[in-house]
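Visitor: Sequence:
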Amino acid sequence: MSKKKLSRIDLQKMKTEGQPAAWITAYDFPTAQFAEAAGADMILVGDSLGMCVYGYSGTVPVTMDQCIVHCEAVRRAAPNTFIIGDMPFLSYQVSVSEAVYNAGRFHKEAGVDAIKLEGGNRVCDQIKAIADGGMLVMGHIGLTPQSSGQLGGFKAQGRTAETAKAQIDDALAIQEAGAFALLVEAVPPEVCGIIRDTLTIPVYSIGAGVEADGQLMICSDVLGQFQAFTPKFVKKYENIGDKCIKAFENYFAEVKDRSFPAEEHTYKMVDGELDKLQKLLK
Numbered sequence: 004m005s006k007k008k009l010s011r012i013d014l015q016k017m018k019t020e021g022q023p024a025a026w027i028t029a030y031d032f033p034t035a036q037f038a039e040a041a042g043a044d045m046i047l048v049g050d051s052l053g054m055c056v057y058g059y060s061g062t063v064p065v066t067m068d069q070c071i072v073h074c075e076a077v078r079r080a081a082p083n084t085f086i087i088g089d090m091p092f093l094s095y096q097v098s099v100s101e102a103v104y105n106a107g108r109f110h111k112e113a114g115v116d117a118i119k120l121e122g123g124n125r126v127c128d129q130i131k132a133i134a135d136g137g138m139l140v141m142g143h144i145g146l147t148p149q150s151s152g153q154l155g156g157f158k159a160q161g162r163t164a165e166t167a168k169a170q171i172d173d174a175l176a177i178q179e180a181g182a183f184a185l186l187v188e189a190v191p192p193e194v195c196g197i198i199r200d201t202l203t204i205p206v207y208s209i210g211a212g213v214e215a216d217g218q219l220m221i222c223s224d225v226l227g228q229f230q231a232f233t234p235k236f237v238k239k240y241e242n243i244g245d246k247c248i249k250a251f252e253n254y255f256a257e258v259k260d261r262s263f264p265a266e267e268h269t270y271k272m273v274d275g276e277l278d279k280l281q282k283l284l285k
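Heads up: the sequence shown begins at 4 in this note's numbering, then just goes up one per residue.
Not one of these hints is a red herring.
Ranges of calculated distance between the beta carbons of each label pair, as one might list FRET restraints: (1) A231 <-> R79: 22 to 32 Å; (2) Y254 <-> V97: 43 to 53 Å; (3) D260 <-> K282: 30 to 40 Å; (4) K271 <-> N242: 38 to 48 Å; (5) K6 <-> P234: 21 to 31 Å; (6) N253 <-> P33: 14 to 24 Å; (7) P234 <-> E193: 12 to 22 Å; (8) Y254 <-> D278: 30 to 40 Å; (9) K271 <-> D13: 47 to 57 Å.
Hint data in this document are derived by calculation from the structure and do not stem from the laboratory.
Cβ coordinates follow ideal geometry from the N, Cα and C atoms, glycine included.
Put together the whole structure using the sequences plus the hints.
Guide: Written as structure tokens, this is what we have:
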């Protein structure tokens, strides 16, 4: 029996009842299929695919077309999971009309349930316009990777009273603009807890502590696939990277010593057909 896809109403009810939402990123068909089978409440097709899939140093190079293609694959793999498409750099900053158009592309071409974009007060016009267009919008504050240059790098945010107040102000503005939920990244748990208690919409954490209405993690971090760096807030539940290397080493070794492929890995000709073939070749 297939699972029931959550709706905005379900996610709001989970906040009200104190039931945390467990969600994860996915960028391809197999990973999304596994996530749905494991019971993910939501899947984010994050622009983190720039680093986790394409090997970029950050998220800025990621394009709309890349995001759409990966969202399509994830939707096919997880038809009964709430899917969020992550709007890449310059897909919404240039103008409100471009933001609405590109948000619409995610829905029309990839069948997502919502989109996510980064920023506080400065993107509230975009959030309002997308929401007014009938689409669900998730906000994202704290450490916002697309604008990490302005932040001085990939650093925690809201660690002083003044900067924490700015994060809370951004959160309130995002809710007022019409977002259905908010993701808070790399801020102290106390600040995330205040935001959660202040807002009526669900407030989710990635590296912002257990006080949130749910947790997001990058699939490549959870599985131990991404090895370039490990953020402080990451917990690796498996080390697939090491297992992949070992599997490849074993395969290469068996090819070299000709123990693979063995007889059980090959196909047999129909009885008598080899003799016929040899006669045909004479």
